[in-house]
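Number of protein chains: 2
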Amino acid sequence: MIRITLIGSGNVAQHLIKAFTKSEEIEIGQVFSRKKEALIHLIGSDKIVTDFSDLNEADLYIIAITDDAIPKVSEQLPFQNQLVVHTSGTSSINILNSKNRRGVFYPLQTFSKNKAVDFSMIPICLEAKNQSDYAILETVAKSISKAVFPISSEQRKALHVSAVFVNNFTNYLYQIGQEICEEHQVPFEILKPLIQETAEKINTLNPIDAQTGPAKRNDTSTIKSHLAYLTNENQKNIYKILTQSIQNNGKTL
Amino acid sequence: MIRITLIGSGNVAQHLIKAFTKSEEIEIGQVFSRKKEALIHLIGSDKIVTDFSDLNEADLYIIAITDDAIPKVSEQLPFQNQLVVHTSGTSSINILNSKNRRGVFYPLQTFSKNKAVDFSMIPICLEAKNQSDYAILETVAKSISKAVFPISSEQRKALHVSAVFVNNFTNYLYQIGQEICEEHQVPFEILKPLIQETAEKINTLNPIDAQTGPAKRNDTSTIKSHLAYLTNENQKNIYKILTQSIQNNGKTL
Chain A
1 MIRITLIGSG
11 NVAQHLIKAF
21 TKSEEIEIGQ
31 VFSRKKEALI
41 HLIGSDKIVT
51 DFSDLNEADL
61 YIIAITDDAI
71 PKVSEQLPFQ
81 NQLVVHTSGT
91 SSINILNSKN
101 RRGVFYPLQT
111 FSKNKAVDFS
121 MIPICLEAKN
131 QSDYAILETV
141 AKSISKAVFP
151 ISSEQRKALH
161 VSAVFVNNFT
171 NYLYQIGQEI
181 CEEHQVPFEI
191 LKPLIQETAE
201 KINTLNPIDA
211 QTGPAKRNDT
221 STIKSHLAYL
231 TNENQKNIYK
241 ILTQSIQNNG
251 KTL
Chain B
1 MIRITLIGSG
11 NVAQHLIKAF
21 TKSEEIEIGQ
31 VFSRKKEALI
41 HLIGSDKIVT
51 DFSDLNEADL
61 YIIAITDDAI
71 PKVSEQLPFQ
81 NQLVVHTSGT
91 SSINILNSKN
101 RRGVFYPLQT
111 FSKNKAVDFS
121 MIPICLEAKN
131 QSDYAILETV
141 AKSISKAVFP
151 ISSEQRKALH
161 VSAVFVNNFT
171 NYLYQIGQEI
181 CEEHQVPFEI
191 LKPLIQETAE
201 KINTLNPIDA
211 QTGPAKRNDT
221 STIKSHLAYL
231 TNENQKNIYK
241 ILTQSIQNNG
251 KTL
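Read top to bottom, the protein sequences are chains A and B.
Mapping to our numbering: the first sequence position 89 is 89, numbers consecutive.
Mapping to our numbering: the second sequence position 135 is 135, numbers consecutive.
A hint or two may mislead.
Calculated cross-link-like contacts (lysine-lysine; reagent style BS3-like; alpha-carbon spacing at most 27 angstroms) [to be verified]:
1. B:K22 to B:K36
2. B:K18 to B:K47
3. A:K216 to B:K18
4. A:K192 to A:K216
5. B:K99 to B:K115
6. A:K146 to A:K129
7. A:K129 to A:K142
8. A:K192 to B:K115
9. A:K18 to B:K22
10. A:K192 to B:K36
11. A:K216 to B:K72
12. A:K240 to B:K22
13. A:K18 to A:K216
14. B:K113 to B:K99
15. A:K192 to B:K224
16. A:K115 to B:K192
17. A:K216 to B:K142
18. A:K35 to A:K18
19. A:K22 to A:K35
20. A:K22 to A:K113
21. A:K72 to B:K22
22. B:K224 to A:K240
23. B:K22 to A:K36
24. A:K72 to A:K146
25. B:K113 to B:K142
26. B:K192 to A:K142
27. B:K18 to B:K142
28. B:K47 to A:K192
29. B:K192 to A:K22
It should be emphasised that the hints constitute simulated quantities derived from the structure, not laboratory data.
In isolation and in its complexed conformation, chain A is listed as follows:
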């Protein structure tokens, strides 16, 4: 049994609490949260601490908070030489205070408060400063996920930047699609099978081979007609830039 203490109460912390609660190899010792109310629906209130001085001993401390706050929180921990990791996609392992043994436990998925996720399918990217700490992280990660990878801080950054493109920006394009539909009283529902198929397609084709549409086939009359149809300058601007970029095959404009 590995005893874990979680620090944080946001989306990632909450999804980790849920996942570890189901795991038979993991015991959640304590969860640190500034506000007790944020976690009371997930874990017994005796396990929630609001003061660092109340933290007990654990095999692993997982800091799941915003990137900016990681250095200070890791410095405030009232112990040393323990295994302390963060869950950030973008921060180096070295932003953790060096008084403890450092690592990274980065679940690469998008977490929303109101949507359950199947943790077993979520890739978890691990990093540690030595083999024995890596082994602990690997045991913990494999207790909740089938997809565990050793990923360096440098590689993790590539993944995180890519994730912004394929998740954040993609979702924003869905939002634009919905806005255009609503403006013209068409149900956005009609586009959902296309959205699913677009995502599924890349399981069998490289994105570059899956590309279709007016930009790809240099269909200038359709492009012109789309630009004339769009009434929102921001949408027009995004349409132009992505179209040019596809036409140039990603080469610098």
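Chain A is already provided as a structure; the job is to place chain B on it using the hints.
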């Protein structure tokens, strides 16, 4: 039994041939293609014609070719007062020559030559000039799909423009994600569950409510660090514009 003649040999034409071949209510009378070889793997060569003058009578003629060629081809058809439709998302019903009864049969999906699709889940958007022609199109559409919608030319254009955002541009963001991974020797595979979840999420949440990431939470230090990490000016440019747009919540920049 409804007898259909297909005109065209591209992706849409080929997927329609496959779908209609499976339907018990539809008979493919002929398929017109400039090059017989393009279709010989899908249908008997006796059914493929390469000259308009060889076209026989059918209940419905479906023109599945590039938008630019639709006016001329519909004019060249050697008959009149027949039901002739195109499959374009972007062209009006009126680009068809008026010597025939006009309509639109627009399957809203992305078709690749090398990937099978389940036609029953593909929304088909229909338009006709009168009720009886609409009824024929509806029977044909329902023989291959469960999702059939009456959509005017104006509404169809909104769908098509939206589809460019949620399909073409989204797929291009996947390509950028892959390029960033490859540049840093990280397997793109790790991002695929995230891509699937991003698409699935909007079945339960509106895109605007599903938005996460550094732009959404105004995490300027992460945004700066991502921009410094990107080496490709084109990727940087797209990152900046989409980030600003999310920060402004879609308002004109």
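- Compare the distance between the alpha carbons of K18 (chain B) and K142 (chain B) with 27 angstroms, and conclude whether the hinted pair is satisfied. 15 angstroms, holds
- Hint consistency between K216 (chain A) and K142 (chain B) [alpha-carbon to alpha-carbon, up to 27 angstroms]: 31 angstroms, violated
- Between K115 (chain A) and K192 (chain B), is the straight-line Cα distance small enough, at 27 angstroms or below? Given that 27 angstroms is the threshold and the Cα spacing comes to 19 angstroms, the pair holds.
- 27 angstroms Cα cutoff - pair K216 (chain A), K18 (chain B): Holds, because 25 angstroms separates the two Cα atoms, which is no more than 27 angstroms.
- Message: Just to be careful, I want the Cα atoms of K224 (chain B) and K240 (chain A) compared with a cutoff of 27 angstroms; is the pair within it?
- Response: The hint holds at about 24 angstroms.
- Task: Sort out whether K36 (chain B) lies within 27 angstroms of K22 (chain B), counting only the CA atoms.
- Result: Holds: K22 (chain B) and K36 (chain B) sit about 22 angstroms apart, inside 27 angstroms.
- Restraint check for K113 (chain B) with K99 (chain B), where alpha carbons must lie at most 27 angstroms apart: 33 angstroms, violated
- Task: Mind checking the alpha carbons of K18 (chain A) and K216 (chain A) for me, to see if they're no more than 27 angstroms apart?
- Result: 44 angstroms, violated
- Can the restraint linking K18 (chain B) and K47 (chain B) be considered satisfied, given a maximum Cα separation of 27 angstroms? Answer holds: K18 (chain B) to K47 (chain B) is near 14 angstroms, not above 27 angstroms.
- Task: For the pair we were handed, K240 (chain A) and K22 (chain B), check the Cα-Cα distance against 27 angstroms.
- Result: 40 angstroms, violated
- Query: Does K146 (chain A) pair with K129 (chain A) here, judged by a C-alpha cut-off of 27 angstroms?
  - Reply: Satisfied, since the Cα-Cα distance of roughly 23 angstroms is no more than 27 angstroms.
- Message: Need the status of pair K22 (chain B), K36 (chain A): alpha-carbon distance at most 27 angstroms?
- Response: Given pair K22 (chain B), K36 (chain A) is violated - Cα atoms ~60 angstroms apart, limit 27 angstroms.
Going through the hint list in order, the structure does not satisfy hints 5, 9, 10, 12, 13, 14, 15, 17, 21, 23, 24 and 28.
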